[in-house]
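Undergrad: Residue-level listing of the chains:
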Amino acid sequence: MAQIQSGDSSALLSIHPTAKAARGLLYGPDGSLITRQRGEAGGLSDYGLAIMGMNDDNYRMQRMDRTGGAAVSLNNVLFSEPFEGATISVPNRLTSAATTFTVAQSASLGLNFNSTAITTSTSAALVTTNRRFMRLQRAPLHLRARARFGHVANTLIEIGFGAPANQISSPTVGAYFQCTAAGVVHGVWSFNGVDTTTTPFSMPSGWQSNFYVFDVILDDDDILFMIQDTTTGLIVGERRIQLPSTGVRMWDATRLPAFGRLYYPAAPATPGTLILSALDVVLLDAFMNKPWAHTSAHMGLGGEVLPTTFAQAAQWANSAAPSSAALSNTTPGYTTLGGLWQFAAVAGAATDYILFGFTVPSPYSFVCTGVTIDAYNTGAAVATTPSLLAWAVSPDQTAASLATANNRRVPLGAQSFAVGAAIGARADRVISEDFSNSPLVTNPGRILGLILRMPIGTATASQVIAGTALFKGYFE
Amino acid sequence: MIDQVTLSGGDLGGEVVEGEGWAEGERRDFNGFLYERRGDQAVFVGMAP
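Which chain is which? The protein sequence lines are A and B, in order. The opening residue of the first sequence carries number 1 in my numbering; numbering runs sequentially from there. The opening residue of the second sequence carries number 1 in my numbering; numbering runs sequentially from there.
Some hints could be false.
Some but not every residue of chain A turned toward chain B, in silico, with C-beta under 10 Å [claimed, not checked]:
no. : residue
1   : T87
2   : A325
3   : A326
4   : L327
5   : T330
6   : G333
7   : T335
8   : G339
9   : L340
10  : F343
11  : A344
12  : V346
13  : I354
14  : P455
Hints were generated in silico from the structure; no laboratory data involved. This structure is a prediction, so every number in the text was calculated from the model and none was measured. Beta carbons are placed, not taken as given, at the ideal position from N, Cα and C, and that holds for glycine.
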């Protein structure tokens with residue numbers, strides 16, 4: 001029988017002779033010491049200890065790359081859909097197609113694929129991200145959705161990576177969760193129309209009424225499916241599909257969108273649904289080094305579109321001139337984020353006119369990285385005096401009126417039309433200022449103003465000064 | 001108002017005034033600011049002498 005004794009010996013268990021200390025050393029199955037000394041030579045078959053960490057009360061093994069380098073899970077944000085407000089981000093970030101179902105979004109519930117709670121057989125709805133996510137070796141794609149699978153018999157639900165041909169078809173290539181018409185929840189790997197499924201998840205009681213976090217992590221040669229119950233933080237289930245040695249690769253596509261689909265192959269007795277409350281895709285491990293402005297633009301937050309209504313941000317109606325602005329110190333001529341502008345020529349004055357006053361839709365801020373203004377003369381030639389246009393931008397105004405205290409005017413420069421400038425003549429220069437190194441931020445609900453002053457000018461009959469104003473930037 | 005006219009330019013730009021009886025091309029004096037009617041707007045043409 002082994003004994004515990006002081007000092008090194010041939011005993012199976014040894015305690016170091018230091019007073020009040022019991023110490024042990026770890027050895028591998030081959031009898032070699034696992035703890036290592038700095039500078040010690042390594043061997044190809046050395047034993048070691050795996051490293052674990054904690055994520056949401058779940059122990060996870062640390063991931064390594066092939067070189068042994070720690071996979072640091074840099075979350076390169078590729079897509080983020082918060083399903084905020086009542087307007088679906090169509091066609092900005094998403095494309096929606098439905099048969100009979102009504103897909104609707106609300107601030108309190110997210111995106112409901114069967115908002116009218118119908119039970120009509122063969123009803124179907126498909127929502128797909130417009131962005132397609134590229135596959136790179138050694139850079140796993142990670143989709144995370146918070147969703148409620150409101151399953152009843154005859155309700156088929158899918159979320160994950162894939163591009164279904166239509167709302168009644170499953171993808172022929174992809175990696176996604178599927179809840180079958182019979183209520184079996186499993187992971188699916190589709191390649192060239194052939195499906196491989198995981199063993200079913202054991203869903204908790206009443207799962208059809210609850211939201212869970214669904215993770216699909218697509219690596220070089222495997223797909224990990226995880227479902228998390230955020231009430232406890234614990235993982236409900238974890239399933240993996242390994243790429244078989246006979247497999248060509250994980251996807252027969254270099255890029256796929258994310259999608260959600262609800263389908264009744266037959267009429268259910270009571271309404272089923274799919275509710276998405278968050279959908280994000282990140283690229284792990286790769287160092288993309290993209291400026292946040294680029295990332296924001298990819299997520300549909302560029303300055304060309306409003307982030308809450310998804311309408312065009314600038315004033316430029318199809319094949320139509322804008323109405324002439326009434327130049328005012330207190331009331332914006334236009335309330336869009338730049339675009340086409342024009343006004344009847346006025347006499348020179350030191351008055352500041354707020355030509356554009358754009359209210360940034362809450363809860364977003366607008367980060368202005370540059371302003372470009374072009375101008376041209378129309379209606380009648382410039383007469384009597386030059387037309388001089390001095391410009392400034394005014395971010396984060398608390399009210400539209402330029403008489404408001406604490407407005408912060410940022411000069412942009414001036415343009416001029418000489419006397420005799422013909423109809424169609426452009427101003428002597430284009431205003432183009434770059435603020436990318438020190439952006440001008442306008443906070444939610446505040447006003448971004450474009451200020452015009454005409455210190456010299458003549459109100460020549462029929463003369464209309466027109467042009468374009470571009471606010472470069474993005475919403476955050 | 002029967003005939004709304006919006007002033008453009010000058011210190012009174014943006015104000016809406018009654019335009020009934022205000023003929024196209026006619027000038028009016030608003031506290032020393034002269035405006036000339038052009039359609040549904042009246043543009044600032046200078047200060048009254």
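Undergrad: Please go over all the hints and tell whether each is borne out by the structure.
TA: Going down the list of hints, with the structure as the test:
1. Taking 10 Å as the C-beta contact cut-off toward chain B, the hint placing A:T87 at the interface is violated, the least distance being around 31 Å.
2. Against a cut-off of 10 Å between C-beta atoms, the interface hint on A:A325 holds, since the closest Cβ of chain B lies about 7 Å away.
3. The beta carbon of A:A326 is positioned within 10 Å of a beta carbon in chain B (closest approach about 4 Å), and the interface hint is therefore held.
4. Annotation: interface hint on A:L327 holds; nearest CB of chain B at approximately 4 Å, less than 10 Å.
5. Residue-level restraint check for A:T330 holds (minimum Cβ-Cβ distance to chain B is 6 Å; threshold 10 Å).
6. Evaluation of the A:G333 hint against chain B yields a held restraint, the C-beta minimum of about 9 Å falling below 10 Å.
7. The beta carbon of A:T335 comes no nearer than 13 Å to any beta carbon in chain B, farther than 10 Å, and the hint placing it at the interface is violated.
8. Nearest Cβ of chain B to the Cβ of A:G339: about 19 Å, over the 10 Å cut. The hint is violated.
9. A cut of 10 Å between beta carbons decides the hint on A:L340: the least distance to chain B is about 17 Å, and the hint is violated.
10. The beta carbon of A:F343 comes within 6 Å of a beta carbon in chain B, closer than 10 Å, and the hint placing it at the interface holds.
11. Nearest Cβ of chain B to the Cβ of A:A344: about 5 Å, under the 10 Å cut. The hint holds.
12. Interface restraint check for A:V346: the shortest CB-CB distance to chain B comes to about 3 Å, inside 10 Å, so the restraint holds.
13. Hint status for A:I354: holds, given a least beta-carbon distance of 9 Å to chain B, under 10 Å.
14. Proximity of A:P455 to chain B is violated relative to the hint, the smallest CB-CB distance being about 12 Å (cut-off 10 Å).
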